[in-house]
Amino acid sequence: MKPVSSGGVRAALILATLGFLALFLFLPLVVVFTEALAKGIEAYALALVEPDALSAIRLTLTVAAIAVPVNLVFGVVAAWAITKFEFPGKSLLITLIDLPFSVSPVVAGLIYVLVFGAQGWLGPWLTEHDIQIVFAVPGIVLATVFVTFPFVARELIPLMLEQGSADEEAALSLGASGLQTFLRVTLPNVRWGLLYGVLLCNARAMGEFGAVSVVSGHLRGLTNTMPLHVEILYNEYNFVAAFAVASLLAALALLTLVLKSLVEARFHPHERRTGS
Amino acid sequence: MIRLEGITKTYGTYAALQGIDLSVRDGEFLALLGPSGSGKTTLLRIIAGLAFPDSGRVLFNGEDVTQLKVAQRKVGFVFQHYALFKHMTIADNVGFGLSVRSRRERPSAAAIRARAHELLELVQLAGLADRYPAQLSGGQRQRVALARALAVEPQMLLLDEPFGALDAKVRKTLRRWLRDLHRQMGLTSIFVTHDQEEALELADRIVVMDKGLIEQVGTAEQVYMEPASAFVSDFVGETNHLPGGFHVRPHDIEIVEGEGQPVRVENVFRKGGNWRIEGRHQALGQVIEFDLDAQRTPPLVGALVQVRPQRLKAFTGNPEDFHEHA
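If you're matching them up, the sequences are chains A and B in order. According to the working numbering, the first sequence is numbered sequentially starting from 144. According to the working numbering, the second sequence is numbered sequentially starting from -15.
Simulated from the structure, these hints should not be mistaken for laboratory data. Virtual Cβ for every residue (Gly too), placed ideally from N, Cα, C. Any given hint could turn out to be false.
[Claimed, not checked] Pairs of lysine to aspartate or glutamate residues, derived as EDC-like cross-links and limited to a Cα-Cα distance of at most 20 Å, are as follows:
| hint | chain 1 | residue 1 | chain 2 | residue 2 |
| --- | --- | --- | --- | --- |
| 1 | B | Lys58 | B | Glu89 |
| 2 | B | Lys70 | A | Glu374 |
| 3 | B | Lys70 | A | Glu407 |
| 4 | B | Lys70 | A | Glu305 |
| 5 | B | Lys53 | A | Glu229 |
| 6 | B | Lys255 | B | Asp179 |
| 7 | B | Lys58 | A | Glu311 |
| 8 | B | Lys58 | A | Glu312 |
| 9 | B | Lys53 | A | Glu311 |
| 10 | B | Lys53 | B | Glu137 |
| 11 | B | Lys70 | A | Glu311 |
| 12 | B | Lys156 | B | Glu137 |
| 13 | B | Lys53 | A | Glu312 |
| 14 | A | Lys182 | A | Glu193 |
[To be verified] Partial selection, computed: residues in chain B whose CB lies under 7 Å from chain A:
| hint | residue |
| --- | --- |
| 15 | Val54 |
| 16 | Ala55 |
| 17 | Gly81 |
| 18 | Val84 |
Build the full structure now, drawing on both the sequences and the hints.
If you want it as structure tokens, here you go:
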């Protein structure tokens, strides 16, 4: 194909793209780290080992440690069901998987308050049995699971559709059981896509603000995740501490990007080589 | 022996198979031949246990296996696109069927590996045991798929369009090789193809299918020389359609000296050891194709030649119709 644009246009487009990225992505990242270190490395470190910060970090890790495995299992099960079987309501299920992407996280959080809150549908029953969900860790976990559940399934469904079921049929025809087929054929076939989905799911689980903010109740040292902790510190004009915690989240984002590129480098050349 | 009795299969409103009865002899090499949508692949999958009929029975050696799953039927299935496991080496692919057996029946890892090597030798790929499928050519992958299917010592071999994804040259070599392998092992084998040449060359018997029904079962010679229906005559080999339901093969029309049916030559080209001539039949007004030995001088384009059909096959209508024009 003939290049449509001259050299000048090309340079302008590249500059515009780079400028945009610099302004909206690179600059904020720099700001996060410079602000965090504005009063030296000592103030930075202190902000991170302070008990409320430690508690927020611990809670974020706990929530991710529950939400990611849950959605890993759910995503694999849903993708398996959707791509390998025909059943009524299948297209509805596909639509529902996307729901968390199309609904505002705040609304998602509110749903949990309305269902599990003191004034909610299940509120009286829960109070009676002394179970606290909203404004406690279980609510945060539920909201996070809801917001992050499309990631793994979304990554796997197109991949598994494209691969079809010939490999599974081959394994079955060779005498493998259903479980052997899943563990030795299906799972290895989607492993890079799965890892990719888990990475994105984890990044979102740790970074989620809206839904978690609604159900958390912002109890310092108890129900504050890292993103919520950043907001509180910022509102208290404690900029160094706010940016110090934010820098951890930013570092997580960078780490996710690096891992994602590594996975892609493994994933795509492999696909290209075998995709004949 | 494999017996199929009254097999039907419907997908939604589409009738893929509408009553199939068929017997396959032990050691036979059978082709299921038909255009796409004829139901041939569905039939193969039903024999394998990868699909199940709506009605009818599948019998192996007199035993009803209709409800048995693929794993219990002891069949070797070679998939159209081979379905090799990308993340396993060639040796691991071939040994897969043995490695998934229950602990009691499973050979040792060393024994599995030895068996894989043995089979790779059989399919002439001994040196490639530690490669991955992506590093092999199409023809090599096909042979790996075959070795993998044979590793579980199946009682029959089922092949879905075994040469469909290969280029013409490789296809030919592999075809000959597969025929020799079948002679050597004598394993009952059924393959699906839409390529009549492939069926004629390989199969002991050919099952010609169309629209979910069997049109004819016979040897290559029978199917070609005595087609049971207009469809078979048309699908297997080349045929001129003449009015009144007559079919005549291009090599059954001869140019004659003197009295014949006049044909105006429109095109002449070489087709192997023959000249292929396309000409307009003056009485019928339609183009017919016929062959002339390439040793002879071909007629010039525009010339009027006299032809006579040597062998006609009538499928519908009255034989008089043709002679009227003749």
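Each hint, compared with the structure:
Taking the CA atoms of Lys58/B and Glu89/B, the gap is near 15 Å; set against the 20 Å cutoff, the hint holds. Proposed proximity of Lys70/B and Glu374/A is contradicted: the alpha carbons are some 48 Å apart, above 20 Å. As the CA atoms of Lys70/B and Glu407/A are separated by approximately 17 Å, the hinted pair is consistent with the 20 Å bound. With a C-alpha separation of about 14 Å, the suggested pair Lys70/B and Glu305/A falls inside the 20 Å cut-off, and the hint holds.
For the given pair, Lys53/B sits about 18 Å from Glu229/A by alpha-carbon distance, which is consistent with the 20 Å threshold. As the CA atoms of Lys255/B and Asp179/B are separated by approximately 19 Å, the hinted pair is consistent with the 20 Å bound. Between the alpha carbons of Lys58/B and Glu311/A the distance comes to roughly 16 Å, so the proposed pair stays at or under 20 Å and holds. Restraint check for Lys58/B and Glu312/A: the C-alpha separation of about 14 Å stays at or below 20 Å, so the hint holds.
Our distance criterion of 20 Å between C-alpha atoms is met by Lys53/B and Glu311/A, whose separation comes to about 14 Å. A hinted pair counts as satisfied when its Cα atoms are at most 20 Å apart, and Lys53/B with Glu137/B qualifies at roughly 17 Å. Pair hint Lys70/B plus Glu311/A holds up; C-alpha atoms about 12 Å apart against a cutoff of 20 Å. The straight-line distance between the Cα atoms of Lys156/B and Glu137/B is roughly 26 Å, outside the 20 Å bound, and the hint therefore fails.
Of the supplied pair hints, the one linking Lys53/B and Glu312/A holds, its CA atoms being roughly 11 Å apart against a limit of 20 Å. At roughly 16 Å between alpha-carbon atoms, Lys182/A and Glu193/A fall within 20 Å of each other, so this suggested pair holds. With 7 Å as the threshold, the beta carbon of Val54/B comes within range of chain A, its nearest partner Cβ sitting at about 5 Å, so the hint holds. Here the hint on Ala55/B is kept, as its CB sits about 5 Å from the closest CB of chain A, short of 7 Å.
The interface hint given for Gly81/B holds, since its Cβ lies 4 Å from the closest Cβ of chain A, which is under the 7 Å cut-off. Taking 7 Å as the C-beta contact cut-off toward chain A, the hint placing Val84/B at the interface holds, the least distance being around 4 Å.
When held up to the earlier numbered hints, the structure conflicts with 2, 12 and fits the remainder.
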